[in-house]
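Given the sequences, and given the hints that come with them, work out the whole structure.
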Amino acid sequence: MGSAHRHFAPSQNFTTADGKLLYLSIFAEEQWPRLCAALGHPEWAEEPRYKDNAARLQHRERLAQQIQACLQAKPAAYWREQLDRFKIPWAPVNTVGEALHDPQVLHNGMIVTMQHQRAGTIRVIGHPVKFSQTPARYTQPPPELGEHTESLLQELHYSTEEIHQLRREKVI
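When you line the sequence shown up against my numbering, it's residues 4 to 175, in that order.
Think of the hints as simulated: they come from the structure by calculation, not from any bench. Heads up, some of the hints might be wrong.
Stated by the list, open to error - Computed list of lysine to any residue pairs in SDA-like fashion (alpha-carbon distance at most 25 Å, straight line):
1. K54 - K90
2. K90 - R9
3. K90 - H8
4. K173 - T163
5. K90 - E50
6. K90 - F30
7. K23 - A57
Below you can see the structure in the form of structure tokens.
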């Protein structure tokens with residue numbers, strides 16, 4: 004099924020002409036004819052195989068192929084405007100780099116800059132819950148790889164010799 008929702012069709016990722024991924028989700032019957040119109044195929048709304056969600060689920064693969072063929076014809080920017088105009092629920096599927104620079108992510112304070120002892124200035128993910136009276140505090144950067152391995156193993160009652168043996172065997 005990949006990214007497809009198990010109870011709604013279409014509701015999955017599709018690739019546009021410029022290689023961007025968009026997630027479309029039709030979860031209400033009144034959205035289906037609007038999507039058909041947005042894709043330039045209003046006749047699909049009358050197609051018996053796609054008459055309702057139950058029918059679309061039975062023919063999910065064929066439907067997904069048809070929608071994919073449409074979306075591959077034009078770039079994401081075109082489809083974003085088109086889907087918005089027809090009030091179709093959709094979302095971009097961002098790469099990590101795109102997510103880190105997304106205006107909404109930045110506006111919501113989800114990327115925080117910190118100082119790291121060895122790496123210098125780093126960007127980390129901010130706390131997702133925001134309280135006006137008790138804002139999140141970021142007191143220390145993430146640890147380096149293996150920075151706490153020894154102390155954690157000691158907490159698990161590994162002896163110094165056992166830890167040294169793990170290092171010699173390149174387990175840690």
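Okay, the hints, checked on the actual structure:
1. Between K54 and K90 the CA atoms are separated by roughly 20 Å; this keeps the pair inside 25 Å, and the hint holds.
2. Taking the CA atoms of K90 and R9, the gap is about 22 Å. The hint holds against a cut of 25 Å.
3. Pair hint K90 plus H8 holds up; C-alpha atoms about 20 Å apart against a cutoff of 25 Å.
4. About 15 Å separates the Cα atoms of K173 and T163, which keeps this hinted pair within 25 Å; it holds.
5. Under the criterion of a C-alpha separation no larger than 25 Å, the hint pairing K90 with E50 is consistent with the structure, at around 21 Å.
6. With a CA separation close to 12 Å, the supplied pair K90 and F30 stays within the 25 Å bound.
7. Taken as a hint, the K23 and A57 pair is broken in the structure, with Cα atoms around 29 Å apart against an allowance of 25 Å.
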